[in-house]
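**Student:** So the chains spell out like this:
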Amino acid sequence: MDDSAETKIRMGKSMNRLVLMFVAAIFLGLPGCSSRTPGVGTPAATAETGGSAKGDFGPPQGEPIHAVLSSPPNVPPPIHRDHPAKVIVELSVIEKELPISEGVMYTFWTFGGTVPGSFIRVRQGDTVEFHLRNDPSNKMPHNIDLHGVTGPGGGAASSFTAPGHESQFTFKALNQGLYVYHCATAPVGMHVGNGMYGLILIEPPEGMAPVDHEYYVMQGDFYTTGKYREKGHQPFDMEKAIDERPTYVLFNGAEGALTGDNALSAKTNERVRLFVGNGGPNLVSSFHVIGEIFDRVQQEGGTHPQENVQTTLIPAGGAVTVEFHTEVPGSYILVDHSIFRAFNKGALAILKVSGPEDKSIYSGKEVDSVYLGDRAGADLRAVSTAAEAHASGTLTQADQVAAGKQLFAGTCSVCHQNTGEGIPNVFPPLAKSDFLAADPKRAISILLHGRTGPITVNGKDFNSVMPPMTQLTDDEIANILTYVLNEWGNPGGRIDKADVAKARAESAEPAPAAH
Amino acid sequence: MQTFHNIGLAVAMSSILFASQGFASDYVALPGSNFASVLPAVSNGPKDAALPPAPVVIHAFRLRDEPVTNAEFLAFVTAHPDWRRDRIARVFGEARYLSHWQAADVVGAKAKADQPVTNVSWFAAEAYCESEGARLPTWYEWEYAAAADESRADARGDPEWRNRILGWYATPSNEPLQTVGGAANFYGVRDLHGLVWEWVEDAGSLLIASDSRDQNDPDKLAFCGAGALELKDRDNYAVLMRVALLSSLKAVDTTANLGFRCAKPLDGQVP
Amino acid sequence: MTITAHSAAPLTRSRSAITLLAFIVLLTMFTTASAAELPSDSIYRLDIPLVDHNGAGFHLADRRGRPQLVSMFYTSCQFVCPLVLDTLRMTERSLRADEQGRLDVLVVSFDPERDTPIQLKSVFDKRRLDSERWTLARTEAPNVRKLAAALDIRYRVLADGEINHATALVLLDAEGRIVARSSVLGEVDPVFVAAIRATLSTGARP
Numbered sequence: 000m001d002d003s004a005e006t007k008i009r010m011g012k013s014m015n016r017l018v019l020m021f022v023a024a025i026f027l028g029l030p031g032c033s034s035r036t037p038g039v040g041t042p043a044a045t046a047e048t049g050g051s052a053k054g055d056f057g058p059p060q061g062e063p064i065h066a067v068l069s070s071p072p073n074v075p076p077p078i079h080r081d082h083p084a085k086v087i088v089e090l091s092v093i094e095k096e097l098p099i100s101e102g103v104m105y106t107f108w109t110f111g112g113t114v115p116g117s118f119i120r121v122r123q124g125d126t127v128e129f130h131l132r133n134d135p136s137n138k139m140p141h142n143i144d145l146h147g148v149t150g151p152g153g154g155a156a157s158s159f160t161a162p163g164h165e166s167q168f169t170f171k172a173l174n175q176g177l178y179v180y181h182c183a184t185a186p187v188g189m190h191v192g193n194g195m196y197g198l199i200l201i202e203p204p205e206g207m208a209p210v211d212h213e214y215y216v217m218q219g220d221f222y223t224t225g226k227y228r229e230k231g232h233q234p235f236d237m238e239k240a241i242d243e244r245p246t247y248v249l250f251n252g253a254e255g256a257l258t259g260d261n262a263l264s265a266k267t268n269e270r271v272r273l274f275v276g277n278g279g280p281n282l283v284s285s286f287h288v289i290g291e292i293f294d295r296v297q298q299e300g301g302t303h304p305q306e307n308v309q310t311t312l313i314p315a316g317g318a319v320t321v322e323f324h325t326e327v328p329g330s331y332i333l334v335d336h337s338i339f340r341a342f343n344k345g346a347l348a349i350l351k352v353s354g355p356e357d358k359s360i361y362s363g364k365e366v367d368s369v370y371l372g373d374r375a376g377a378d379l380r381a382v383s384t385a386a387e388a389h390a391s392g393t394l395t396q397a398d399q400v401a402a403g404k405q406l407f408a409g410t411c412s413v414c415h416q417n418t419g420e421g422i423p424n425v426f427p428p429l430a431k432s433d434f435l436a437a438d439p440k441r442a443i444s445i446l447l448h449g450r451t452g453p454i455t456v457n458g459k460d461f462n463s464v465m466p467p468m469t470q471l472t473d474d475e476i477a478n479i480l481t482y483v484l485n486e487w488g489n490p491g492g493r494i495d496k497a498d499v500a501k502a503r504a505e506s507a508e509p510a511p512a513a514h
Numbered sequence: 000m001q002t003f004h005n006i007g008l009a010v011a012m013s014s015i016l017f018a019s020q021g022f023a024s025d026y027v028a029l030p031g032s033n034f035a036s037v038l039p040a041v042s043n044g045p046k047d048a049a050l051p052p053a054p055v056v057i058h059a060f061r062l063r064d065e066p067v068t069n070a071e072f073l074a075f076v077t078a079h080p081d082w083r084r085d086r087i088a089r090v091f092g093e094a095r096y097l098s099h100w101q102a103a104d105v106v107g108a109k110a111k112a113d114q115p116v117t118n119v120s121w122f123a124a125e126a127y128c129e130s131e132g133a134r135l136p137t138w139y140e141w142e143y144a145a146a147a148d149e150s151r152a153d154a155r156g157d158p159e160w161r162n163r164i165l166g167w168y169a170t171p172s173n174e175p176l177q178t179v180g181g182a183a184n185f186y187g188v189r190d191l192h193g194l195v196w197e198w199v200e201d202a203g204s205l206l207i208a209s210d211s212r213d214q215n216d217p218d219k220l221a222f223c224g225a226g227a228l229e230l231k232d233r234d235n236y237a238v239l240m241r242v243a244l245l246s247s248l249k250a251v252d253t254t255a256n257l258g259f260r261c262a263k264p265l266d267g268q269v270p
Numbered sequence: 000m001t002i003t004a005h006s007a008a009p010l011t012r013s014r015s016a017i018t019l020l021a022f023i024v025l026l027t028m029f030t031t032a033s034a035a036e037l038p039s040d041s042i043y044r045l046d047i048p049l050v051d052h053n054g055a056g057f058h059l060a061d062r063r064g065r066p067q068l069v070s071m072f073y074t075s076c077q078f079v080c081p082l083v084l085d086t087l088r089m090t091e092r093s094l095r096a097d098e099q100g101r102l103d104v105l106v107v108s109f110d111p112e113r114d115t116p117i118q119l120k121s122v123f124d125k126r127r128l129d130s131e132r133w134t135l136a137r138t139e140a141p142n143v144r145k146l147a148a149a150l151d152i153r154y155r156v157l158a159d160g161e162i163n164h165a166t167a168l169v170l171l172d173a174e175g176r177i178v179a180r181s182s183v184l185g186e187v188d189p190v191f192v193a194a195i196r197a198t199l200s201t202g203a204r205p
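Residue numbers (numbering that gives the first Met the number 0), protein chains in the order written: chain Y, 0 to 514; chain W, 0 to 270; chain R, 0 to 205.
One should not assume that every hint holds.
[Stated by the list, open to error] Mimicking DSSO-like on lysine-lysine, the simulated pairs with C-alpha atoms at most 30 Å apart in a straight line are:
| no. | chain 1 | residue 1 | chain 2 | residue 2 |
| --- | --- | --- | --- | --- |
| 1 | Y | Lys95 | W | Lys109 |
| 2 | Y | Lys496 | Y | Lys431 |
| 3 | Y | Lys95 | W | Lys111 |
| 4 | Y | Lys358 | Y | Lys496 |
| 5 | Y | Lys239 | Y | Lys95 |
| 6 | W | Lys263 | Y | Lys95 |
| 7 | Y | Lys239 | Y | Lys226 |
| 8 | Y | Lys266 | Y | Lys358 |
[As the list claims (entries may be wrong)] Chain Y stretches covered by chain W per the calculated footprint, using a threshold of three residues with CB under 8 Å from any CB of chain W:
| no. | segment |
| --- | --- |
| 9 | 125–138 |
| 10 | 183–195 |
Calculated from the structure, these hints are not laboratory results. All C-beta atoms, glycine included, are put in the ideal place defined by N, C-alpha and C.
Modelling step: build the complete structure from the supplied sequences, incorporating the hints.
**Tutor:** Here you go:
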């Protein structure tokens with residue numbers, strides 16, 4: 000055999016091996032190309048469900064089931080069923096007086112005695128036999144429109160019920176999702192504004208991924224003739240409702256419904272799912288949980304999730320399913336991030352997460368130092384040095400002076416100037432100040448409480464306003480004063496943090512300075 | 000023994016009758032008028048919807064100044080035992096008829112004699128009125144009388160007054176019913192607001208779509224050419240709610256917050 | 000319901016007299032009892048005098064004894080009312096001949112002012128209704144209200160004389176109880192027809 004032939008054979012063999020390896024790589028690699036790593040609880044398919052056209056799974060099978068309804072914030076247990084069934088739902092309307100805020104009573108019209116109304120949970124394809132009962136002691140007729148119903152009025156046309164009577168209608172749940180239900184009797188806005196709404200969950204046929212906690216929260220806006228937190232029995236105010244000027248914006252129908260002892264709870268390292276609705280009648284919600292990110296959001300209660308969302312919109316008459324995994328303990332506040340609603344109208348709820356800290360994820364406050372913004376001098380290291388030194392008990396006067404100098408530059412020099420000379424007739428001097436020397440400790444209370452009115456410094460009269468420096472902490476005040484006392488011919492000495500703390504404790508705090 | 004019992008009953012009945020006639024409501028006369036009702040008197044097609052509603056002509060009539068009370072109704076069922084709750088035919092009154100009374104012939108401790116009678120069906124109310132030569136007022140007559148406040152014949156344009164009435168719905172129903180005898184309105188009629196809903200003769204004419212949001216999409220076949228009623232003054236929520244309540248009821252139904260009063264023509268006319 | 004008078008073995012004269020007496024007493028009791036025995040939910044408990052298209056007077060309760068198909072209309076109605084009569088006829092014709100023979104049809108006018116017997120007769124003839132079983136009738140306005148209330152048919156008389164009304168075909172059994180109702184217009188409602196069949200075969204609701 001000649002060389003070239005041998006080479007050819009050798010090359011042929013290695014070629015074969017190469018080809019084999021290449022082909023093997025393709026076969027092994029292909030699944031890697033086409034697969035997605037499924038997220039926790041994600042159904043594998045991203046294909047569309049086909050909506051109502053594909054939502055009829057045939058006639059109900061087996062014995063009729065009496066639906067278990069739950070009161071907020073609890074949710075009925077998940078459904079473990081693989082076939083459509085007939086589900087009987089019995090829901091009563093009860094008009095009752097409940098507190099909307101402490102000392103404030105309101106006549107709510109409720110489904111099931113609560114605001115929001117009872118949570119209904121069925122499976123896509125179920126045939127629901129719906130009984131609406133109007134309690135005999137009620138004054139008003141009522142009906143129900145469930146957004147998950149395909150049919151006239153969402154059931155409202157077939158459920159108009161006088162007090163002391165019951166209506167029944169049947170519908171098939173063709174679409175999966177999380178849906179609002181509400182009363183639709185005229186005037187509709189008034190019925191909704193009085194709390195007549197709730198949620199119905201129509202589970203996908205394959206069920207939902209298990210989580211550690213499921214909770215039911217529903218936002219609503221309320222309109223009373225009296226002001227926010229005005230005590231006594233408050234009636235509904237139609238004018239305010241038409242003008243969309245709510246008095247209260249609340250989760251689950253009352254201030255404090257989900258705070259304090261009523262707060263939602265979970266532990267660290269758990270997965271929490273919230274079914275959140277917005278009954279309106281008017282406002283759209285910017286739903287956010289302070290300190291958490293929604294790992295998974297089914298916007299508007301729909302099917303295909305979004306991930307990693309901070310704040311999600313819930314339309315009036317809409318809902319959303321959010322999920323997140325807890326890592327760190329603490330109180331996580333649910334708010335409508337149209338933020339005045341949270342802090343001035345009551346739109347806040349709390350999820351308390353308990354469990355061990357994890358400093359690698361969230362450390363808590365490490366350094367309490369001053370951020371000087373654009374007044375900052377080049378170097379703030381002296382301030383941090385002083386902070387560390389103070390923490391370790393080795394703070395020297397020199398440290399304080401260095402820190403105080405930098406703080407002075409950011410806070411005091413605006414008026415008293417870098418030279419400490421002040422502005423004649425306007426701001427008194429600190430340099431070689433007889434006023435300061437007369438009583439150095441008096442300066443502490445001037446920084447704490449401000450000073451107005453006439454004073455005489457170095458023979459000159461001043462009559463101005465110094466606002467209280469309540470943004471300064473005790474050690475900042477101590478450091479600034481120590482610097483001033485040791486500069487520009489002032490008598491020297493040092494002020495301790497403890498002196499400042501003592502002076503602060505001995506007096507009441509005024510309102511903070513604008514800054 | 001039985002005779003003594005009967006005599007005792009007769010005495011009780013007549014004293015109640017006497018007493019009830021003592022408080023008894025009188026019929027007060029209301030003058031006729033052209034009246035702008037929230038319910039249209041002629042069917043307006045969509046092109047007429049922008050026009051103001053044609054006023055309704057209301058002829059002068061007399062109206063009871065207070066709703067019929069438990070005591071008065073007791074006297075009625077005593078005189079007409081077919082209307083006792085243990086004898087009434089199901090076609091005239093449903094199972095909860097007069098359920099708030101202690102017994103078929105005793106009002107009892109839980110209901111007061113001078114509270115308006117409730118849990119009465121349309122048939123029973125109509126029968127009562129007929130028994131005193133009267134009838135139920137029509138919706139228009141009732142609405143006309145109820146448009147008045149203490150000093151004005153028509154206070155409906157006053158939002159303050161409308162809110163006051165709307166406030167009744169805010170009070171919970173678990174408090175005991177008040178007695179009749181509230182402030183008289185411009186015509187001298189009392190308790191049209193704030194006490195109980197009241198039957199009208201043509202409650203069955205309130206053709207409301209049971210889903211009230213359908214207002215602009217009438218199902219013409221449903222009500223023979225008209226679709227459902229379009230309410231003309233949607234700001235008058237109190238009236239809206241009365242229409243809603245009455246239209247949710249069948250003639251045989253009763254509810255705990257629904258009573259009635261009667262109307263008569265002016266003297267000398269046929270009811 | 001029938002009474003059987005037992006005629007047993009030879010009776011003495013006194014015994015037969017007593018039996019006869021007993022029979023008469025029972026009969027009287029029975030007839031008065033049977034008038035009072037109208038079921039509690041029978042609409043024949045309403046005392047409504049009517050006049051038919053032939054001008055003959057009758058009472059609503061006279062219809063007792065045979066199942067009735069009842070509805071309400073008025074003759075000057077252009078829109079739906081002709082459809083009411085058509086639907087009644089279609090429904091009737093979907094039954095077998097022998098079934099049709101056991102069912103009566105009664106249609107009462109909302110509008111006694113204009114629907115005089117003569118007017119009713121003219122419509123009757125124009126539509127060629129079956130005089131054996133069909134009756135068009137009128138009654139005074141307060142009774143119209145009561146009948147409509149009992150049948151749960153809502154209507155509204157407008158100022159110009161037009162009448163808006165809901166439409167229902169109501170099936171009464173022989174005792175006057177409402178067995179079924181249908182609002183389907185212009186076609187036959189199979190559920191309603193099934194109810195009619197069931198009522199006709201038993202004669203009364205179980």
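**Student:** Taking the hints in turn, state whether each one holds.
**Tutor:** Okay, the hints, checked on the actual structure:
1. Note on Y/Lys95 and W/Lys109: the hinted pairing holds, with a Cα-Cα distance of about 21 Å set against a maximum of 30 Å.
2. Among the hinted pairs, Y/Lys496 with Y/Lys431 is consistent with the structure: their alpha-carbon atoms are about 24 Å apart, no more than 30 Å.
3. Restraint check for Y/Lys95 and W/Lys111: satisfied, since their Cα atoms lie roughly 23 Å apart, inside the 30 Å limit.
4. Only pairs whose Cα atoms come within 30 Å are accepted, and Y/Lys358 paired with Y/Lys496 is accepted, the gap being roughly 29 Å.
5. Annotation: proposed proximity of Y/Lys239 to Y/Lys95 holds, straight-line Cα distance about 22 Å (limit 30 Å).
6. A C-alpha spacing of about 38 Å is found between W/Lys263 and Y/Lys95, which places the hinted pair above 30 Å, so the restraint is violated.
7. Taken as a hint, the Y/Lys239 and Y/Lys226 pair is honoured in the structure, with Cα atoms around 11 Å apart against an allowance of 30 Å.
8. For the hint pairing Y/Lys266 with Y/Lys358, the CA-to-CA distance comes to about 16 Å; that is within 30 Å, so the pair holds.
9. Counting residues of the segment 125–138 of chain Y whose CB lies closer than 8 Å to any CB of chain W gives 4, so the stated coverage by that chain holds, three being the minimum.
10. Restraint check on the segment 183–195 of chain Y versus chain W: 6 residues with Cβ-Cβ distances below 8 Å, three needed, restraint holds.
When held up to the earlier numbered hints, the structure conflicts with hint 6 and nothing else.
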